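Order-wise, the sequence lines are chains C and S.
Everything in the first sequence is counted per the working numbering, starting at 1 for the first residue and increasing by one.
Everything in the second sequence is counted per the working numbering, starting at 1001 for the first residue and increasing by one.
In case anyone wonders, no lab produced these hints; they're calculated from the structure.
Everything numeric in this text was worked out from a predicted model, so none of it was measured.
Don't be surprised by glycine CBs; every beta carbon is placed ideally from N, CA and C.
Any given hint could turn out to be false.
[Stated by the list, open to error] Stretches of chain S that chain C covers, calculated by requiring three or more beta carbons in the stretch to come under 8 Å of a beta carbon on chain C: (1) 1073 to 1080; (2) 1092 to 1102; (3) 1141 to 1152.
Okay, here's what each chain looks like letter by letter:
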Amino acid sequence: MGAVRGKPVLRDEGTRLGFRLTLPAQILVLFISAFPLLMQLYISVTDWSPLSGLGWWNAWEMWNSFANYTDLAADARFWSALKRTAIVMIVCVPAEFLLGLALATLFADDFPGKRIFYSILLMPMMVVPAVAGYMFFMLFQSGGPVNDILSAVTGTQVTIAWLSDPTLALIAVMIADIWQWTPLMFLILLAGLVGVPEDQIKAATLLGANPWQRFTTIVLPKMKTIIIIALAIRVIENFKIFDTLYIMTGGGPGVATETISVYIYKVTTQDLIWGYVAAIALAILVVLSIVAVFAMKRMARARQVPA
Amino acid sequence: MSTIQLKHLTKTFGDFTALKTMDLDISDGEFMALLGPSGCGKSTTMNMIAGMEEPTSGKILFGERDMAGVPMGRRGVGFVFQNYAIFTHMTVRQNLAYGPRMRGAAKAEIDRRVGAIAELLQLTPLLDRKADRLSVNILQRVAIGRSAIMEPAIFLLDEPLSNVDAAFRAVMRTELKQLQRQFKQTMVYVTHDQLEAMTMADRIAVMDHGVLQQVGTPLEVYNNPANVFVARFIGAPGMNLLKGRPAESDRGLVVDLGPLGITPPLPDELAASVRGARGEVLYGFRPEQVALAQDGRGLAMPVTFVERIGARTIVHLGQGEGAVKAVFDNDVGLSIGQAAVVAPAAPSVRVFDAVSGLAMGAG
């Protein structure tokens, strides 16, 4: 093959053949990801809506400069939805991470009944989010089990209207999210935890490190990559929080639990201004892409240093 | 105070006995090798000394101090793992500093000690390198340095050379031995490689199936194996053992090997202890201690295979139970199918009881 490498003509030939061979797959990828993106971009600079009587490809007739984007910048409901989404994320993701890490640490060692607890622990993740939403909707009724338990504990009749109070509704929604997604965090972190080389932990022990020191100096640094992956997954997923929340509160009371997905949903189905929806969605995509790129960069850097 | 005493040390895992009542005294500054095939209990013994495993019964004393219940971080032992267990996410400096840092030593103190140990191990230029891409001999030095900085009285090494390729092993052996001379610590070295044990250790403890077989200097275990296992295990190839019965002849006591004929007479001292034996014995001699008998006095056997490995030639003779090997320093010109008459050198001959496997007349 040495002779082949010396002739650039042949190498070009190889490149061309390679391109032709991968062409079908590239076209497929183009249609799956690039096409919808471009379509969205296109619609986002028009006033097009499904009721406008035009095919989407003719949306240019309704070109509105960049009015959708300037409207978006001034849309207080959008910004408050974004802020609410950020609050949910800032509370839920760290809570899920810390709970998941604590559980993973617990499950890294053996204890009686471990397999049963393990199965039970993973259950919430398997529940269909819509079902989980209905479940928590029932739990948080003013005559529901949550208040019953609080009544039993406090000894007085508790009748909190969880889902009708703006603050409490947000808390209830966050509790549901934490309940459902801590198991995923737990599962990913457990995989990372059992991958930490045991003899390095033993070596640290022999050098006099106590359990906390071993955790902070050996276990956590070794889990860095997997922690970044877990956090990135949950940040992106949590940003899109919808099904459970929508069933529990419908974004209410008022707009108290209206996150960005709920807002987009309402604008799409109630207001039917799809050009505007496309603009919102693109703005969100940019934000999430920044998160993903950041996570991937950290991962690539961490991968250069194998554990 | 860094002697180690193992007293009736036993370890069982469920029904399986990993170690049977082991007694061993290791003196201060000694390099003791625990040698045996895999599953012989050597690593279990080491892990119990380190405190990674609790003995089922028996005692471990460091000096006068009973180690029962002392956790592994407090025993003052340095441990070098089979794969070194270097903290790959840290630099060489952070690896060396790990112990003192975990014990809360002052920054200046840590720097001084790391500097000193790095100087001693010639790691100074590598201090700020990440520890994940170092060659094995550097890893070994980092592993030793990381333990040595804690100034342990005892050093335990768990087959540190088993992942190293053969050519490099000789270099590493020399380096390890020199390091031990520098540190003067008591060292316990676990290995299944007799060459490592023979070349480095002051004494070797040969183990098999959880039982200590023999303790002695490398030459003691080589020259005077206590039993058949040690005779076969030590030496490459191991000692030749042929089954037979003691018999008187006009030249003195010999061993009648049946179809193979009669051995040359045993040396007087050995003959005295074998003479009383009733049953069968195993007649043993080292492959290296064999001469081709020109006068026809010896064991006549057909050559079945010849291995020429440069400086030495290994000749396989006979078959089945009566197979022996002979090692010559030069090509003796034998070829397959030829008959050879070999005579073991009398002083190297050993005789074992065929039933108990114990050496006879070994004192």
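Hint check:
no. : hint         : verdict
1   : 1073 to 1080 : holds (count 5)
2   : 1092 to 1102 : holds (count 3)
3   : 1141 to 1152 : holds (count 3)
In summary, this structure violates none of the numbered hints.
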